[in-house]
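Trainee: Chain residues, written in single-letter form:
Protein chains: 2
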Amino acid sequence: MLSWLRHYRRAMLPGDISAGIVVAMMMIPQGMAYAMVAGLPPVVGIYASILPPLLYALFGTSSTQSIGPMAIISLMTASSLAPLAAPGSALYGVLAAQLALLSGVVLLACGLLRIGFLANFFSRPVMSGFTIGSAILIIWGQLPALLGGKLPHVHLPSVLLGLGALALLMWARQYLTGTLRRIGLPPGAADIGAKLAPMGVVLGSLALVTALALDAQGVATTGQVAGGLPGLNLATSSAHWQPLLQPALLIGFMIFLISMSGAQTLALKRGEKLASNAELVGLGAANIGSALSGGFPVTGSISRSAVNFAAGANSQLASVITASLLGVALVAPNGWLALLPLPVLAATIIVAVLGMLDLSLLRTAWHYDRADAAALVATAAGVLGLGVEAGVVVGVALSMGSLIWRASRPHIAVLGRIAGTEHFRNIDRYSAATAPGLLMLRVDAGLFFGNVEAVNERIEDELAAHPDTRHLVLVLSAVNAIDTSALFGLKELNASLCQRGVLLHLAEVKGPVMDRLKQSDLLQTLGGRLYLSAAMAWDDLVQ
Amino acid sequence: MLSWLRHYRRAMLPGDISAGIVVAMMMIPQGMAYAMVAGLPPVVGIYASILPPLLYALFGTSSTQSIGPMAIISLMTASSLAPLAAPGSALYGVLAAQLALLSGVVLLACGLLRIGFLANFFSRPVMSGFTIGSAILIIWGQLPALLGGKLPHVHLPSVLLGLGALALLMWARQYLTGTLRRIGLPPGAADIGAKLAPMGVVLGSLALVTALALDAQGVATTGQVAGGLPGLNLATSSAHWQPLLQPALLIGFMIFLISMSGAQTLALKRGEKLASNAELVGLGAANIGSALSGGFPVTGSISRSAVNFAAGANSQLASVITASLLGVALVAPNGWLALLPLPVLAATIIVAVLGMLDLSLLRTAWHYDRADAAALVATAAGVLGLGVEAGVVVGVALSMGSLIWRASRPHIAVLGRIAGTEHFRNIDRYSAATAPGLLMLRVDAGLFFGNVEAVNERIEDELAAHPDTRHLVLVLSAVNAIDTSALFGLKELNASLCQRGVLLHLAEVKGPVMDRLKQSDLLQTLGGRLYLSAAMAWDDLVQ
Numbered sequence: 001m002l003s004w005l006r007h008y009r010r011a012m013l014p015g016d017i018s019a020g021i022v023v024a025m026m027m028i029p030q031g032m033a034y035a036m037v038a039g040l041p042p043v044v045g046i047y048a049s050i051l052p053p054l055l056y057a058l059f060g061t062s063s064t065q066s067i068g069p070m071a072i073i074s075l076m077t078a079s080s081l082a083p084l085a086a087p088g089s090a091l092y093g094v095l096a097a098q099l100a101l102l103s104g105v106v107l108l109a110c111g112l113l114r115i116g117f118l119a120n121f122f123s124r125p126v127m128s129g130f131t132i133g134s135a136i137l138i139i140w141g142q143l144p145a146l147l148g149g150k151l152p153h154v155h156l157p158s159v160l161l162g163l164g165a166l167a168l169l170m171w172a173r174q175y176l177t178g179t180l181r182r183i184g185l186p187p188g189a190a191d192i193g194a195k196l197a198p199m200g201v202v203l204g205s206l207a208l209v210t211a212l213a214l215d216a217q218g219v220a221t222t223g224q225v226a227g228g229l230p231g232l233n234l235a236t237s238s239a240h241w242q243p244l245l246q247p248a249l250l251i252g253f254m255i256f257l258i259s260m261s262g263a264q265t266l267a268l269k270r271g272e273k274l275a276s277n278a279e280l281v282g283l284g285a286a287n288i289g290s291a292l293s294g295g296f297p298v299t300g301s302i303s304r305s306a307v308n309f310a311a312g313a314n315s316q317l318a319s320v321i322t323a324s325l326l327g328v329a330l331v332a333p334n335g336w337l338a339l340l341p342l343p344v345l346a347a348t349i350i351v352a353v354l355g356m357l358d359l360s361l362l363r364t365a366w367h368y369d370r371a372d373a374a375a376l377v378a379t380a381a382g383v384l385g386l387g388v389e390a391g392v393v394v395g396v397a398l399s400m401g402s403l404i405w406r407a408s409r410p411h412i413a414v415l416g417r418i419a420g421t422e423h424f425r426n427i428d429r430y431s432a433a434t435a436p437g438l439l440m441l442r443v444d445a446g447l448f449f450g451n452v453e454a455v456n457e458r459i460e461d462e463l464a465a466h467p468d469t470r471h472l473v474l475v476l477s478a479v480n481a482i483d484t485s486a487l488f489g490l491k492e493l494n495a496s497l498c499q500r501g502v503l504l505h506l507a508e509v510k511g512p513v514m515d516r517l518k519q520s521d522l523l524q525t526l527g528g529r530l531y532l533s534a535a536m537a538w539d540d541l542v543q
Numbered sequence: 001m002l003s004w005l006r007h008y009r010r011a012m013l014p015g016d017i018s019a020g021i022v023v024a025m026m027m028i029p030q031g032m033a034y035a036m037v038a039g040l041p042p043v044v045g046i047y048a049s050i051l052p053p054l055l056y057a058l059f060g061t062s063s064t065q066s067i068g069p070m071a072i073i074s075l076m077t078a079s080s081l082a083p084l085a086a087p088g089s090a091l092y093g094v095l096a097a098q099l100a101l102l103s104g105v106v107l108l109a110c111g112l113l114r115i116g117f118l119a120n121f122f123s124r125p126v127m128s129g130f131t132i133g134s135a136i137l138i139i140w141g142q143l144p145a146l147l148g149g150k151l152p153h154v155h156l157p158s159v160l161l162g163l164g165a166l167a168l169l170m171w172a173r174q175y176l177t178g179t180l181r182r183i184g185l186p187p188g189a190a191d192i193g194a195k196l197a198p199m200g201v202v203l204g205s206l207a208l209v210t211a212l213a214l215d216a217q218g219v220a221t222t223g224q225v226a227g228g229l230p231g232l233n234l235a236t237s238s239a240h241w242q243p244l245l246q247p248a249l250l251i252g253f254m255i256f257l258i259s260m261s262g263a264q265t266l267a268l269k270r271g272e273k274l275a276s277n278a279e280l281v282g283l284g285a286a287n288i289g290s291a292l293s294g295g296f297p298v299t300g301s302i303s304r305s306a307v308n309f310a311a312g313a314n315s316q317l318a319s320v321i322t323a324s325l326l327g328v329a330l331v332a333p334n335g336w337l338a339l340l341p342l343p344v345l346a347a348t349i350i351v352a353v354l355g356m357l358d359l360s361l362l363r364t365a366w367h368y369d370r371a372d373a374a375a376l377v378a379t380a381a382g383v384l385g386l387g388v389e390a391g392v393v394v395g396v397a398l399s400m401g402s403l404i405w406r407a408s409r410p411h412i413a414v415l416g417r418i419a420g421t422e423h424f425r426n427i428d429r430y431s432a433a434t435a436p437g438l439l440m441l442r443v444d445a446g447l448f449f450g451n452v453e454a455v456n457e458r459i460e461d462e463l464a465a466h467p468d469t470r471h472l473v474l475v476l477s478a479v480n481a482i483d484t485s486a487l488f489g490l491k492e493l494n495a496s497l498c499q500r501g502v503l504l505h506l507a508e509v510k511g512p513v514m515d516r517l518k519q520s521d522l523l524q525t526l527g528g529r530l531y532l533s534a535a536m537a538w539d540d541l542v543q
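In the order they appear, the protein sequences are chains A and B.
The opening position of the first sequence corresponds to residue 1 in the UniProt record's numbering, with each subsequent residue numbered one higher.
The opening position of the second sequence corresponds to residue 1 in the UniProt record's numbering, with each subsequent residue numbered one higher.
This is chain A alone, in the form it adopts within the complex (with noise of 0.2 Å):
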């Protein structure tokens, strides 16, 4: 807790300070639109942006992590609510802080037990079709404040303004910082400066709002902002406890995958670990802060932290900086945050979206391994087609069958023996010569309930193969753990040997798995003997 502060050293406080102030000229946009994504007043969006990060400060570990409202769990946030509450209302307030709280009471809680391994349960090719799907889910639904209405109704001056606003970022995000750069300045100021192309672009519009009244033309704005920090937000509905224990569960799992991704990225820049117990304690303890602060769910964001790194950001201590500014900005006089244009927000949410739209991981697996290319497609059309929420569900589902699946195809070899020497290979691939009555197969995996069967229709197949067989030798060489089930299928496969007239030997047990089969009785009942070597087999059994 707080060891970076305990190591702070004077030197680090320059970078600390830019980082701060860039990041908070990024976050009012995006934690408006972000807000807007999840349903909610924009200036919710500031207030999970000033608590949050303070509290990750305190617990998380992460020096760069720039905690606070993200693209996708805002969009989950606003599908977990719909059901509930209209958007707009007290009620969808209140909710969407009771979700950020049950989330990060989740959070919290594993942390605490510590099963941060759980974060495994979603292969990258899936967390990439998630993606991929969730960025289409947000731009679809920004295309109505986009062009001010429902398709096919448009608002003209809505339509110009959001699309001159959506050309410009577009244009931005291609080639500003080569702008930049070109006019002077320095690369990494360039890109920095490219990053606050939004900020730019906001307070462009809202020039232009003030200056041609296109309120009064119908442009919708962001509306009367309440001023001042954040209020201590207890009001919970007693009522939605069960509703939104389902949703919470899932919006804790994305926040703790989302932020670490973006933070293991970072790490792996610097050296750093992560511990990933103490980063769901930190995550819990923001979105808690954001709870009590009237905010929603909120993460570690991949692009605003990418930012905060670039911009110089050494420790938290830039995050601190950020909710600081956040603050000043709320208590200053803020009328002209109300005038700023939806769609230009929208504009500003569709262009950050884009960057989500990653298809390089796609590119590579298709080449790579084509299962995990329809992992990918599939889980993007879950999102898609059954909403986010069940895109969560569908990518655990396809992550955990494509390993059932991988599992459930070891790789067997037929062992023979290289002619003159001590060395035993795969028949398949060498030259080496096996013994008539003598079966010896050496398994490529860990012998596990997900893959006993398999290896026993395997052996079922040499042993039709060879029907001459007495001896059957398992070479356990590559095999670094045996479960229970896999126990009880190597008791079976030697029961039903015995009665065959075929006797089962192991060799080249591993240290760790022989401790533990000695726990057990297949030592005793094994039909065969055990070796130390795949040649020692050979030699006592070929005569």
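Calculated directly from the structure, the hints in this document are not laboratory data.
Be aware that one or more of the hints could be misleading.
A pair counts as met if it fits within one copy or between any two copies, since identical chains are not told apart.
[What the hints assert, rightly or not] With a straight-line Cα cutoff of 30 Å, these simulated BS3-like cross-link-like pairs (lysine-lysine) come out:
#, residue 1, residue 2
1, K150, K510
2, K269, K150
3, K491, K518
4, K491, K150
5, K518, K150
6, K491, K269
7, K491, K273
8, K150, K273
9, K518, K269
With the hints as your guide, set chain B onto chain A.
Mentor: Frame of chain A, contents of chain B only:
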């Protein structure tokens, strides 16, 4: 299909006939009792024992599997239908058949899609916990029928009859085989004779009810059984397809799991091979057949199949004979069936289910692998606390959780060279020398999304412990596969190490793994080199 009939030999006939008769005599009380467990009239249990085994004989692959009602599936049927209709109502019967139809379609679809590997989602400890929890629920559910009323209210004549039958059956279960052998029966026949005790007790109780007019004294009996074979049932409730879908998925999964685990045990005894996808088709057809004859979900019964096997069944002809005899029993005068006392049927259920309360796997797992034992207990607790359907979900989650947990803790060894040899070993187990600036790690598991973070963390730990490292060699001799997630993990590791001035080398990459890696750009971007063996890496990198 019907391959057993094409290869039928005359010598198989006597065994099939005797097994067919024995199983039919076992099936009558059991079928009626399990229909009671499912909340259905007892005769429906006979209906569900005729067409299903005939269809399984057409499509299934096990020679000795006995298809029909089974305790756990009946329990799941009752718990699925309870929220939808009142037991005994016409709708309840329609929904039971509809559930069988949907389960059958699910099974058939899985078979045609060839996704039988999904059965591997359940580990054996979890299956054992599920069975134990279900057995306790079934016994608990039969207590009112056994005692003639809900506790604390009991009906004395029923209690006497029920507990008497229970005592007799438990005695028979323990001692009848021995008694029959002492009076001269050969071991096999004595064993089978003992299995017919339930039929004997049921017939005896029938005589008692008739002689003492116990039904007039308030002992509940089966009541009038509609005579004749079941008619073709096409009734379904269109409002219930959707609420029945999820139960049908869970029940279909358990039908397959239960049937396969029984059939596997018997197949191993004969060295037969089961085709899991063909089994799915056989079980799917059987359940659709059950639906068409007004039955309810059915599966292969482990206990009945074992009797079938022991009584000499050589092929599915035994099941065809059983089904024919049950058909005859329905067509013949069967007024006597109306007087079967329910307390006695409840006693037969309880004694049958006691066999499921098998703690041997728990004992083994307790000594062999504490985590597996915990999963067993947690699944049993889940069934008891949350119900049998939620228990399936808990079981899958625990199986997957333990899999991910194990996967997230791969064994990684720091390698050193055994002086004067080309052998490299774990420096914790052998006295092997390391070289300054060179760190060699052997990962003893396939690299995939479940362990990519753990491998990364361990590498960072080792790098922190060896800050002078200039070359990191990953020895991949035990890595059988690298999935897309792990490929990206390696690419990121490589980039991160390059930044820090450490070169990443790979050694002893297996053939199939290398074939894949060549489809990616990892090898081009690798900071270090590729070595055929750990010794070659050492020789090249140590000056």
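Trainee: Now tell me, hint by hint, if it's right for this structure.
Mentor: For each hint, the structure was consulted:
1. K150 x K510: Neither: 66 Å inside a chain and 57 Å across chains, both beyond 30 Å.
2. K269 x K150: For K269 and K150, neither the intra-copy (44 Å) nor the inter-copy (68 Å) Cα distance is at most 30 Å.
3. K491 x K518: Intra 14 Å, inter 40 Å, cutoff 30 Å: intra-copy only.
4. K491 x K150: neither (66 Å within a copy, 44 Å between copies)
5. K518 x K150: neither (70 Å within a copy, 49 Å between copies)
6. K491 x K269: Answer is between; shortest inter-copy Cα gap is 12 Å, intra-copy 49 Å.
7. K491 x K273: between (43 Å within a copy, 18 Å between copies)
8. K150 x K273: Close neither inside one copy (47 Å) nor across copies (61 Å); limit 30 Å.
9. K518 x K269: between (45 Å within a copy, 26 Å between copies)
Violated hints, in rising order: 1, 2, 4, 5, 8; the structure is consistent with all others.
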